[in-house]
Amino acid sequence: MEYFLTEEQLMIKELAAKIADEKIAPVALQYDEEGKFPHDIMKIIADSDLCGVYIEEKYGGLGGGILEMSLVVEELSRACGGISLAFAGTGLGTFPIILFGNEEQKAKYLPDIASGKKLAAFGLTEANAGSDAAGVQTTAQLDGDEYVLNGTKQWITNGGEAEIYTVIACTNRSKGARGFSAFIVEKDTPGFTFGKKENKMGIRASCTRELVFDNCRIPKKNLLAKEGMGFIVAMKTLDRTRPGVAAQALGIAQGAFDAALKYSRERVQFGQTISSFQAIQHMLADMAIQIEASRCLVYQTCRHIDSGAKNISRESAMAKVMASDTAMKVTTDAVQILGGYGYMKEYPVEKMMRDAKITQIYEGTNQIQRNVIALELIKELSSKK
Amino acid sequence: MNKLNIIVCVKQVPGTNEVKMNKETNTIIREGVEAIINPFDTYALEEGLRIKDKTSGKVTVMSMGIPTVADLLKETIALGADETVLLSDRAFAGADTLATSYALSMGIKKLGSYDLIICGKQATDGDTAQVGPSLAEKLKIPHSTYIRKIEEIREGYIRCQRMTEDGYEVIEMSLPAVITVVKEINEPRLPSIKGMMRAKKANVTVWTADDINADKNLCGLRGSPTQVVKTFVPVHEVQSEMLEGTPQEQAKSLVDKMINMQFKTCK
Ligand SMILES: Cc1cc2nc3c(=O)[nH]c(=O)nc-3n(C[C@H](O)[C@H](O)[C@H](O)COP(=O)(O)OP(=O)(O)OC[C@H]3O[C@@H](n4cnc5c(N)ncnc54)[C@H](O)[C@@H]3O)c2cc1C
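Protein chains in written order, with the numbering used here: chain A, 624 to 1008; chain B, 856 to 1122.
There may be inaccurate statements among the hints.
If you want the footprint, here are the derived chain A segments under chain B, 3+ residues with CB under 8 Å [said to hold, decoys possible]:
| hint | segment |
| --- | --- |
| 1 | 639 to 648 |
| 2 | 652 to 661 |
List of simulated lysine to aspartate or glutamate pairs, EDC-like, C-alpha gap at most 20 Å [to be verified]:
| hint | chain 1 | residue 1 | chain 2 | residue 2 |
| --- | --- | --- | --- | --- |
| 3 | B | LYS1056 | A | GLU645 |
| 4 | A | LYS641 | B | GLU889 |
| 5 | A | LYS641 | B | GLU1010 |
| 6 | B | LYS1049 | A | GLU889 |
| 7 | B | LYS929 | A | ASP670 |
| 8 | B | LYS929 | A | GLU630 |
| 9 | B | LYS1038 | A | GLU631 |
| 10 | B | LYS1056 | A | GLU637 |
| 11 | B | LYS907 | A | ASP670 |
| 12 | A | LYS844 | A | GLU786 |
| 13 | B | LYS1049 | A | GLU631 |
| 14 | B | LYS1049 | B | ASP937 |
| 15 | B | LYS875 | B | GLU889 |
| 16 | B | LYS929 | A | GLU656 |
| 17 | A | LYS968 | A | GLU889 |
| 18 | B | LYS907 | B | GLU1010 |
These are computed hints drawn from the structure, not numbers from a lab. By construction, the Cβ of each residue, glycine as well, lies at the ideal position given by its N, Cα and C atoms.
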């Protein structure tokens, strides 16, 4: 379908696709099995200028937005949803700075992210703060010119590999979520260490790790926005990066679909290719319908956000739910089309099915997203009365 | 380190592994086949770009070909080439390797000073591997073929490893010189977005035979003594059979077979 991408967006998509096909696809299974962080592939992505697609030109980026970021994530995810997350997770860690950083903070951190020299990460989740993000217990106490951080963040993408962390911590316990603040914490700050590295079902090339703060002192100027704005920083960031998760799901689904379609034309049973069976044809048709519908919603949501629209929570939640549910369905059906071979690691769809699952869980589970959408619908109706 | 001026010569070839021939004219069928930069030349370009990265020198890419080769030359700008020159003229049409290297040598003379010329070891369509060495002869400079590694390069000097059938030899040459490279030398980079944007805006310099003061009798079909009588892929028909059993049994059945095939025993 014609998506009316600009020449520059097409260029970005094409180059990301080239990296996916030539550099990622041949090694995706190996990274998955070894659970190794894809430093060498991140170097290729950095050299291609893609790390800066969503960062302003004056900080060394290409000046694009969420759509450009999503195009890259989608293409990379076709080959590996885990490797693409090193890129997407950096986006998640960077948007708090893009949206709420002051000039000094942007000038300090964005150029190195745009050039790919440094990766970023976003630390919100804790053992007791998952869907209920208001349960954050990590604290940040002002002491002279410094904040002192204490607590543990859990399941942080790019943990240990990133240089720049945006972290949500509590500056005033009595105020609940209104007492949260957002901070930039650099790797190697004394008192900041990394805990357990998770052994995961899928996206195994991505590193998911604990951030441990033990009397970690950071300069006061690393506060993002104002004290008490941490929850808003987190929510506004996630509203913008959720299409990135949707794009990851979309890419995984496309990769699985491509593999299934190709296989269906090669596998012969009962004297004919399995693509001649209507049962397989209908499965392929349904997969294609869901993927195309997801892509329409994802791209359009990105454009909606990039246009500067104010109300984006509902659309961003819809795109994420639609694309991730599609990814789970399509990858499961792809395994079905490949039959027993689909269940084997020699074929890529086994991994894709494992990788797809996370997209229904993180950056807000699909249940939570449906809560958000329903709440917005009800709010809208009541406001009309 | 002094800045080095590198010239990389590239050729457009059909983008398939199976080159199709027109049996009547004995020429390559180019219609309907995607055009690409000769794969071996991409290693030459990458090596040039690496020298540029190290010495902050300059890479100029030159090709002789039809006007649409300009699009391929723009791809080299996306990868990091600084300048591109296309030698394009009806007079160049039908050139063999001799006429091609003559035209390239005249183009290079017009470019002026340079330190190193890099070519791919051969083109995937003609597979002659002649243009590199022939170009060096025309320019009266040294050359070495099948280079798999540059050990050292500086103004006036290069030391590199030349691949041989059973290993490699180390070659030292004075610069300027020509080298042709094998694919073992590097892994070509992918373009960057900023490079692709630069490429879109870039102009490819096009020079005609007159622009480079070429003698038209030495160009194109007129300047090409080579006549292709017939092209064919030699058939290697080797039939092999594995002998089984103990070494003694194998030796015996081998001797039996040789006797059967009427090998005469030496007296
Ligand atoms: C691989 C991985 C990477 C991650 N990366 C990051 C990261 O980089 N940064 C970060 O901050 N976090 C990260 N997370 C955390 C992730 O965002 C959370 O796991 C997610 O928000 C869900 O929280 P939870 O796992 O605690 O599930 P829970 O909140 O415990 O949910 C359990 C189940 O209950 C359902 N549920 C909960 N509340 C409701 C409700 N009100 N209504 C209906 N259903 C409900 C959920 O949908 C789910 O099905 C990552 C997680 C994983 C697994």
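Tested hints:
1. 639 to 648: Three-residue rule met by the segment 639 to 648 of chain A, so holds; n is 4.
2. 652 to 661: violated (count 0)
3. B/LYS1056 - A/GLU645: violated, 26 Å
4. A/LYS641 - B/GLU889: OK: A/LYS641 and B/GLU889 at ~17 Å, within 20 Å.
5. A/LYS641 - B/GLU1010: This hinted pair is violated, its Cα atoms lying about 36 Å apart.
6. B/LYS1049 - A/GLU889: violated, 40 Å
7. B/LYS929 - A/ASP670: holds, 19 Å
8. B/LYS929 - A/GLU630: At roughly 16 Å apart (the allowed maximum being 20 Å), A/GLU630 and B/LYS929 satisfy the hint.
9. B/LYS1038 - A/GLU631: violated, 32 Å
10. B/LYS1056 - A/GLU637: With Cα atoms ~18 Å apart, B/LYS1056 and A/GLU637 stay inside 20 Å; holds.
11. B/LYS907 - A/ASP670: holds, 16 Å
12. A/LYS844 - A/GLU786: holds, 17 Å
13. B/LYS1049 - A/GLU631: holds, 10 Å
14. B/LYS1049 - B/ASP937: Holds, at about 13 Å.
15. B/LYS875 - B/GLU889: holds, 13 Å
16. B/LYS929 - A/GLU656: violated, 39 Å
17. A/LYS968 - A/GLU889: The given pair, whose Cα atoms are some 18 Å apart, holds under the 20 Å limit.
18. B/LYS907 - B/GLU1010: Satisfied, since the Cα-Cα distance of roughly 13 Å is no more than 20 Å.
Of the numbered hints given earlier, the model fails hints 2, 3, 5, 6, 9, 16; all others are met.
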